[in-house]
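These protein sequence lines are chains V and G, in that order. Reading the first sequence from the start, the letters are residues -1 to 267 in this note's numbering. Reading the second sequence from the start, the letters are residues 64 to 378 in this note's numbering.
Keep in mind the hints are simulated off the structure, nothing from the lab. A few of these clues could be false.
[Said to hold, decoys possible] Derived pair list, reagent style DSBU-like, types lysine-lysine, alpha-carbon separation capped at 30 Å:
#1 V:Lys183 to V:Lys13
#2 V:Lys13 to G:Lys141
#3 G:Lys201 to V:Lys183
#4 G:Lys242 to G:Lys204
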Amino acid sequence: MSAGFRVRQILTVAKVDFRRTLGGRRTLGLVLFCSFPLALALVRIFMIPEAARMDLGRTTHELAQIFSLFHLRFIVFFGCAFLFVKSFRGEVLQHTLHLALLLPIRRRDLIVGKFFGALAVALAVFLPATVALVLMYRLANGFEATLQTMVSAQGLGNLIAYVAITALAAVGYGSLFLLAGLFFKNPMVPAALYLGFEAVAPFLPLPLRVFSVARHLHALLPVPVSLGPLAVTGTDMPGWLAVMLILGVATIAVRLAGWRAQGFEVDYS
Amino acid sequence: MKRSEHIVLEGVSKFYGEVLGVNNVDLNIGPGLTGLVGPNGAGKSTLMNLLAGLIRPTQGTVRILGISPAEPELLFRKVGFCTQWENFPPGATGRSLLEDTLMMHGLARRTARERTGEALETVGLTAAAGRKIDAYSKGMKQRVKLANALCHTPQVLILDEPLNGLDPQGRSEIIEILKELAGQGHHVLVSSHILHEVDLISDTIVMMHGGRVVAEGTIRDVRQEIVDQPVQILIRCDRPQRVAARAFEMVHVVGARILDQGGGVVVATRDGQAFFKALPLIVLEEDLAIETVLPADEDVRAVYDYLIGPEGAQA
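From just these sequences and the hints, can you work out the full model?
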C-alpha cells in the first residue's frame, strides 16, 4: 500500500470525523464553553473604572493573564479533553467504534486520522475564540485605540502569537487526551490527573517537566505572565525549543495511541 | 482448494478472564453459504468478532483467505462484516454512512456515490437513503448494515444475525441476496438462532455450544454422524398403518408414528439404508400408493436437538 494512499485515507478519516463532530449538537456546547472568557472580557468593560480600563499597558498585561491562566489552562484544556477523548473513547461509549475498525486502514493510521479530525475541530472552535478574546479585551480601550493597536506590529504580532499558542496547545493537549482515551473510560479522570500534573510539574525533575505542555506554552507567551511562586522554576527556554518539545510530545503521544489501538478490543459491555 | 482461499481457525480460544468465549475451535470454511448456529452464549458472536479482529484470540490463529485479522488494511478489502450492534454515528443517513465507508476504502467521491446507490438499491433502501438512520426501523437498520458490509463487493461476507428484525418479505429478499452471492463463489458466513432460516439458506452448518464447535459440515453429513439417534423417515401413502406394521417386522426399526391426519408415517430406524432397500418390496406386496419418501430429521432443527438438546433449541 503506497504512502500516498495511506495519506489519502488518513485525510479522509480526518475529514469525516471533522464533519461528524462539527455537525454534532455537543459542539454547540463547546462553543458556548469557549465564550466564558469573552463574557469575562465583557464584564471587564463595564465593571472596571474607565481610567484603569483605558490603560493600554494594564489591558495588555491582563489579557496575557486571562489568556494564559484561564483561556489556555481551562477552556482549551477541557475543550481538548472533550474533543480528543471523544474522538476514540466517545465511539466506544456510542458503540460505533467497530464501524471504524472494520475499515481497510491500519489502526495507527486511523488514530492519526482521528487526531487530525479532532484537531481540525479544535482549531475551528478555539482559534476564533482566541481572536475574539483578544479583540474584546482591546475594545475596552475604545474602538480607535483597538484599531491602532491591532494594525501595529506589536499588536498584530501578539495576536498571531496568541493564535499560534492556542493551536500548539490544541496539538499538545489533544494528543495527550487522545492517548488517554485509549486507556481510560472516563475522560474526566485523565483530565484531572493531567491538570494535577501540570500544577506540580514545576517541582518535578526536568525529564518529567518535558511532558508539561503548559510549561512550554508559557515560554511562548508574547507578554510575560507572573505565575507567583512558580515563576522561580523558570520557563526561559527558547521559543523554538518549546515548539519542538510540544510537537515532540504530540508525536510520541499519537504514536503510543496508535500502538495501543493495534491491540484494542471492542467491548461495549 | 487452497487454504488461502478458506476461512481457517486453528486451535482458537478466547477467554475473558476466567469466562469462556470460545474454546479450541478448529474450522475450515470454504466458499458458499455457511450457517453458524447455537443457543445464546454458545460463542457465535465471539467467533465472528475474532474473525473480524474486533477481539484477539487468547490462543490459536485466524486466517481469512490467508490474511490475519491483525492486518485490517488487507483484510477488509476482501471482507465485509455486519455486526450485531445497531449503533451508527449520530446524524448519519444511509447514504452518508455508505459514502463515508467507501471513501475511507480509498474510493473517489464520485465512485463512492455510485457504489452507494447500487448497494442501497440491492438492499431496497433507495427511497430512505437520505433519512437519518436513527429514524430507521429495526429492519431498515439491518438493511443498511448489510449494505455497509457489501458495498465494497467483498469476497467474504460475515453476518451476525442479519435477519433479525426483518419482516417476512425482507427476510426472503435478503436470503435471495445471500444465496446469489454464495452462488457467485463468495464466502457467506451467517449466524442465526432461527433454525428454519439456517436450513433455508445454508449449504453447510457450524453448530456451536458452550464455546465449542459440536458439528461442522453439510446437514446430511452431520446427521449421518449422529449414530446414536435413529434415522427418521417420512413416508406419505394411502395406508400408513400397513407400512408401520411391516416396518416393525424389521429388527433395526425402533419406532413408527402415524401422522395426525393419517396420510403418512414416520419410521425410526437404526439402519436407514436397509430400510430404503426393503421399502420397494413392501410397496409391491402391500400394493401401496406412495406420495413421498424423505428423511424427516435431516434438518438443522433435528440435528440441533440431537446435539445440543431441546433447552438449546429454546434459547
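Hints, verified against the model:
Restraint check for Lys183 of chain V and Lys13 of chain V: satisfied, since their Cα atoms lie roughly 25 Å apart, inside the 30 Å limit. For the hint linking Lys13 of chain V to Lys141 of chain G, the alpha-carbon distance of about 24 Å falls within 30 Å, and the restraint holds. Under the criterion of a C-alpha separation no larger than 30 Å, the hint pairing Lys201 of chain G with Lys183 of chain V is consistent with the structure, at around 29 Å. At roughly 21 Å between alpha-carbon atoms, Lys242 of chain G and Lys204 of chain G fall within 30 Å of each other, so this suggested pair holds.
The structure is consistent with each of the numbered hints, conforming to all of them.
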